[in-house]
Structure formats: structure tokens, C-alpha cells
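Asks: Sequences and hints are given; from them, build the entire structure.
Protein chains: 4
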Amino acid sequence: MTVLLTGFAPFGGMKKNPSGEIARLFNGKEINGERIIGKELPVSYRRVREVLEKLIDEVNPSLYLGIGLAPRSTCIRIEVIALNIVYSERPDEDGVRQTDVSYIYEDGDLAYITTIPAKRIVNELRRSGIPASLSFSAGTYLCNYAFYIAAHLLKRKGNGRYGFIHIPQASEYVVSEVNTPSLPFNVLVKAIEKVLYVILGS
Amino acid sequence: MTVLLTGFAPFGGMKKNPSGEIARLFNGKEINGERIIGKELPVSYRRVREVLEKLIDEVNPSLYLGIGLAPRSTCIRIEVIALNIVYSERPDEDGVRQTDVSYIYEDGDLAYITTIPAKRIVNELRRSGIPASLSFSAGTYLCNYAFYIAAHLLKRKGNGRYGFIHIPQASEYVVSEVNTPSLPFNVLVKAIEKVLYVILGS
Amino acid sequence: MTVLLTGFAPFGGMKKNPSGEIARLFNGKEINGERIIGKELPVSYRRVREVLEKLIDEVNPSLYLGIGLAPRSTCIRIEVIALNIVYSERPDEDGVRQTDVSYIYEDGDLAYITTIPAKRIVNELRRSGIPASLSFSAGTYLCNYAFYIAAHLLKRKGNGRYGFIHIPQASEYVVSEVNTPSLPFNVLVKAIEKVLYVILGS
Amino acid sequence: MTVLLTGFAPFGGMKKNPSGEIARLFNGKEINGERIIGKELPVSYRRVREVLEKLIDEVNPSLYLGIGLAPRSTCIRIEVIALNIVYSERPDEDGVRQTDVSYIYEDGDLAYITTIPAKRIVNELRRSGIPASLSFSAGTYLCNYAFYIAAHLLKRKGNGRYGFIHIPQASEYVVSEVNTPSLPFNVLVKAIEKVLYVILGS
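Top to bottom, those sequences are chains W, X, H and U. Residue numbering for the first sequence follows this note's numbering, starting at 1 and increasing by one per position. Residue numbering for the second sequence follows this note's numbering, starting at 1 and increasing by one per position. Residue numbering for the third sequence follows this note's numbering, starting at 1 and increasing by one per position. Residue numbering for the fourth sequence follows this note's numbering, starting at 1 and increasing by one per position.
Don't read these hints as lab results, they were simulated from the structure. By construction, the Cβ of each residue, glycine as well, lies at the ideal position given by its N, Cα and C atoms. It is possible that part of the hints are untrue.
Under the rule of at most 25 Å between Cα atoms (straight-line distance), these lysine to any residue pairs were calculated in the SDA-like manner [claimed, not checked]:
hint	chain 1	residue 1	chain 2	residue 2
1	X	157	X	51
2	X	194	U	15
3	U	15	H	201
4	U	119	X	86
Chain X side only, calculated, beta carbon under 10 Å to chain U, not exhaustive [said to hold, decoys possible]:
hint	residue
5	1
6	96
7	105
8	107
9	109
10	118
11	139
12	144
13	185
Replies: Next up, the structure:
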């Protein structure tokens, strides 16, 4: 059994993106007997779709867990809803802007609900002293885009669970941008590890 | 030589205030040969003044360092200015509200500038991966009140340095209040320890 | 043809809720030949459902437009998605808290997309100098609850459009709560009037 | 008797700055028999100082009232304290950054307190439905810089009152930046007019 764990590459001039760092850190590790494939996704609509369609086809994961950076978030957010919508005035790293409200897959449902135990994860994180909450909107930019693509493909295949986690900035990366909430990098890593343990049933 | 380190008691229904916890944690410790007296101050205009006037008179500290909770702060804030003003629509724990803009000491300067190396502290904290910044306003509620009282009394005595540090919430205390930025309690403790080492010259 | 326009009653100790005020202000008015029924909804899960089910059955509106207060919003938000989920740690005015993630209608779709011209409304408001944006999450508290109920019932009947608008606070109501963004009440009224004109085709 | 009213030019790529627009709008007007000189200041440390020193010398104003934009502010903020400190990592429009904490005038007091009736102005604005509050920190960038320079020069001359008002963005200027609080431009104008009437005693 294989877990596909993705984060994102740095974007918009930032040097490091903790979501991608964490995905790479877990790459090759095993948790509860399941092998983790950790990948850093490019911040590009076109390439995210290509990479995810290819990886999900090849790897046939029993679990997709996406990680994304929410720079203004104060806590670990467990996303409940993947929305079949892409829309943002912000360009991706290819310079593409999705300024019309569009469907990601024309034949997809308007929304999918996560199949990981979201509420239980929140409770476990809080029990460890890590701030966490449910979130019902992953936005309409690249995080939701990756989440929806994975959810749609796995649902169509009929097996494989899917979830998405937004994390705040890592304290070590924001020391000079004083208005961004953050948690230390090792706390973010611990949070994702705990999420994986809860999902994989230990 | 004695360091007077103060934090505040919990207020407004909160169970724990990390600033007071930290002050108590350092009580009796020694750093660079200086003994630390760590005190938790009541959230009361009247009692803060009484306690500080008495302590500073008795202890004759070579350094006053106040710690206060800034629940919406995302980083460690090194306060530069103590203002001779008290004003807040928020009641203290005795129910007293200071809704007129008033001086704290009629004969005091309008403002004092901290005598701890604020910029160097910020740099040292950032070097350790702890988000930090200078702040030029400690508010006009009890944090600035304690800071100004200590600065005024020490300046009048002609010896003793004075500084004030605002800290964000401790992650462990806010797990259910998801909109408050926070840092783990042990990071806050490490920050204050580092501040003390920088000031006390090691 | 009849338009059903709803806002909410004050809650949580506030004296006035601009969303309910506006709904009552438009009650009985005509816009483009359509008569407006403006109702203030109670801040109660049970009563919102009762009132809306009854009203939609009786009135058979050609348009449902809900208005809700988003106290931290800085602009008029045109909601795009109604979610079949209720979840909040905040109690309603009956003291009921929905702390389990639940469906609003067991047999409803997970999400409905608004049938009012959301993007065109945003453009028209901005052209009038009124800050506006699309929003893809109406939350999981009473605003989304009302929106989803109306969308579900109208979709099932097969006629009647549905939309929801979040408004910021009215400046006149927040003069002492200085941290809340706001727009003057007459600007909020003008915004809703403009929304109605855009939808009703003039 | 002459009133010197200043705002700032646009900066950082913005097209219009409401503070400068308002200063120009009042230029040449009379209020309570006092002639208003309204000037738009450049966003430059060097030029602000030059312009203000020259203007205050020539005009000998009975009142200096500065207006500045506080893009994240939700209300009209009446500044109480001018601080003898300049410090910001943000460059001005000449590319100058003041990254060392420095005094504005080596021989100035650390702080001056405004001599306009700040609390009464807040009350009057609120009475008109305009959100307003006292503020005890005008920052350490160009707004405080202009405020301190004027306060210092007028205090030294021994006549002329001084005050500073921070305003939020104008709604008309932020229609596409949806996260910025704002008030309509005409409300901002009305607020400044009211401030002038309160100060000039009508």
C-alpha cells in the first residue's frame, strides 16, 4: 500500500515552502507498513494536473494527502470540502490566471467531501498542543485544485482515500515578515506525522 | 545583582497566561550570575502599581524585564517606548476602567525609551528562528502601565535598566481558539531566556 | 412574480443587524415589476428552517436573495456556493450548538452553485465604487444554512433563482467597536438595490 | 489665521491616495474664518522635512493638521502621540530606508502630545455615525515623521496647535483589493471637515 503525500514548491519570491519541504522529508519513509511517496508539486495549474494524473495512475495510492501553505492561517486546517471550481486573480508560476469561474473537471461533482477522519484528526492534534481546526473551504487556487483533482480521480477509481491539510508558515521562514502567524517547522512536521498516524490507523 | 522579571496572571476568563507562567518558571534561577525574581502581576491598575513600587524599592533590581501577552501578535515584540498614558475601555480584573486619557505619574516624562539593546535582541531571536520585531507601542492598558512604572522608578533612582517584551499566545493554550496566532510554550520560554542572556551580556 | 429577501435579526448582544434592517426596508417595494417580500430571520437553526420552508412554499418566489452579516468582511461578498453542511461551535439564539458536522438535508446534494449572475454583480458594484468580491464559502453557520435551505427547496421545485450576499457591518452600528471594518448603512442599502436590479434584469 | 493641512501623494504603485486628495480639496477653502492651505506631501523623508520646515516658517500656521493613509485601519484614528523616532524597513519613494532607530530631531523631546481636542473629536465623529478612535501610535514611518516635525517646530515657535489623523482607504480606490477595510471618499471628506470644525471651535 502506498501513500501519496504532496506539498508545493516555493512561489512568489519566497525561498522555502514548508509544505514542499515536509513532503520531501517524508518521501521514502514508512508509517504503519505503508510506504510514503512524497512529492513537491510545481505552483502551476497545468503541471499540477499533469503530475497528479500521472502519479495517481502509476502509484494507485491507498491515500492521497495534500499539504498546502496558508500563510495567514494560525493553525493546522483539516480541509473537509474539495470544490470543482478554479478561480483566482493571482497568477501561477507559469503566469496563468484563472479569472473566469470554471470547473476543474466538466464531468465532476460540484464538491467532494474528504474521506479522512477530519474531526478525529483535529481532536488528536489539539490533544498534542497543536492548534487545529476543521476548514470548509480550501480556496479556489492551487491547493483546492490539487485536492479536487486527487479526490475526483480516486473517487472514479473507486478506491483510495483523499484529504488535504493547510499549514501556517514555518517560524524559521518568516523571521523578517513579522505579520505572518507561524509555527516552528518541527511542530508542522510533527503535525503531519500525527495526521498520517491517525489516518493509517495506529 | 538582581533581575526583576514580571508576567501577568490570567484574565478575562482565560485559564493560563503564558507571561505569568514564564515569570514564575524563571523565579529563583540564575543567569550570568544574576538572580532572577519572577513575579506574576495581578491584572489590576491599583495592585500593579503597589506591587511594582514595593518590589522595586525592596529589590533594587539591576534590570526590570516585563513580559505581557499580546494575543493577536504573531511574534516576540521588543517594546521600545514606555508611554506616560493610561487609557482603555477594557476593565481590569477589579472592574476599573480608565476611560479618560490620564498620566501614570503626573511628574513623569511623556515617554521613556528602553535601555535594553532592543535591536540586538531582535536580531538574536531571528537568528534562532524565532519571529521577532521591534515595537514602538506597548498600548495604553496594563502592559504599558507596568513598563512605564518600572521605567519611571528606575530612572528616578538613577540605576537599573528597563525593558518590556510582548509575547503571542502559547499554542498549547489556544488549541480551541483557532484564530489566535501562537508559538509553542517552550519556544516562548526559549525566547525569554535568550533575551535575558543578550541583556546580561553573555 | 415575487422576490423573497431575507436578513437576520440582531444576535449576541448587538442592537441592530444591518442585514435584517435592509430586508425590512425593502419589504413591500417593487423592483422591475417584481414585488419584494422582506423578512428578518431569527438567529435559530430550527426557526430559520421552519420560516423558510413555510415562506418558500407559500410565496413560491421567482428569486430568493439572502443577506447576512459578515462582521469581519471588508466588502460586499457574493456567495457562489451553498454547502449541505452545518457545523459551528457558536450557539444560536436558542442555545443550540451544531458541534457535529452534519448534512442540512440528508437527501440534498453536497453543494449547490448560485443561479444569480455573481460575477456580473461584482463588476457592477465595483463600477459604482462599492468594494465587492466573489466568495466561495458562506461558512457553516446560519448564513450558509439559510442559503442551502432555499437553494435546495427551489431546486427541487424546479423554478426560482437563489443567491446570498454577505455584507460588512454598518458604520453607524460599530462606532465604538473600532476594529470592525464597515461601510455606511446607505452604501449597504444601495449595494443590495443594485444587486436586485442586476438580477431582475434592468 | 492660517491652517496648514497636509496629506500624502500616492506611493508603492497606488493610483490615488485619499489623504493627499483631501488636502488638495480643502486648499483655499475657509472654515470659521481661517484660511486653509492644503498640500500633498511627497512620500520622501528628505522632501517631507524640507517642505514642512519651509511651509511652517513661511505660513506660520495657527494649526497644523496632518492626514495620512492607514490602509489596514477600519476607522478614523486621531493620533495622540508624535514620537521622536524614525525607523522602517520600507523604503520611501526616493529609495531611502531608515533601518536604524534614529531620532528625527536630536534636540527634540522623545514624544509630544497632540494639542487638538482628540477625545472630543472622536465623540463628534461617532455621533455622526463615522467610526473613530484615539490612537497612541502613528507608527515610525512617514506619517509620524511629518507629525513630529510639525509638532517640534510649532512647539519651538511657541504657537500653533498640531494634530494628525489617520484615515482608512477610500472605498472607490480599493474595489479590486478586497481585503482592505475602507470608507467611501465622501465620508472621509466629511470626517476631516468635522475635525476642522471641532478644532476651530464651531
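Asks: If a hint holds in the structure, say so; if it doesn't, say that too.
Replies: Here is what the structure says about each hint:
With a CA separation close to 17 Å, the supplied pair residue 157 of chain X and residue 51 of chain X stays within the 25 Å bound. Straight-line distance between C-alpha atoms of residue 194 of chain X and residue 15 of chain U comes to about 45 Å, which puts the hinted pair past the 25 Å bound. Between residue 15 of chain U and residue 201 of chain H the alpha-carbon distance is near 33 Å, which puts this suggested pair outside the 25 Å criterion. Annotation: proposed proximity of residue 119 of chain U to residue 86 of chain X holds, straight-line Cα distance about 14 Å (limit 25 Å).
Evaluation of the residue 1 of chain X hint against chain U yields a violated restraint, the C-beta minimum of about 27 Å exceeding 10 Å. For residue 96 of chain X, the suggested interface contact is broken, since its CB lies about 19 Å from the closest CB of chain U, more than 10 Å. For the restraint placing residue 105 of chain X at the interface with chain U, the shortest Cβ-Cβ distance is roughly 15 Å, beyond the 10 Å limit, so the hint is violated. Below 10 Å, beta-carbon pairs count as interface contacts, and residue 107 of chain X has none with chain U, the closest being about 15 Å; its hint is therefore violated.
A least Cβ separation of about 7 Å between residue 109 of chain X and chain U falls short of the 10 Å threshold, and the interface hint therefore holds. A hinted interface residue such as residue 118 of chain X counts as satisfied when its beta carbon comes closer than 10 Å to some beta carbon of chain U; here the least separation is about 8 Å, so the hint holds. A distance limit of 10 Å between C-beta atoms decides the matter here; for residue 139 of chain X the minimum to chain U is near 7 Å, and the interface restraint holds. Annotation: residue 144 of chain X was flagged as interfacial toward chain U, and the flag holds, the nearest CB pair being 9 Å apart, inside 10 Å.
A least Cβ separation of about 28 Å between residue 185 of chain X and chain U goes past the 10 Å threshold, and the interface hint is therefore violated.
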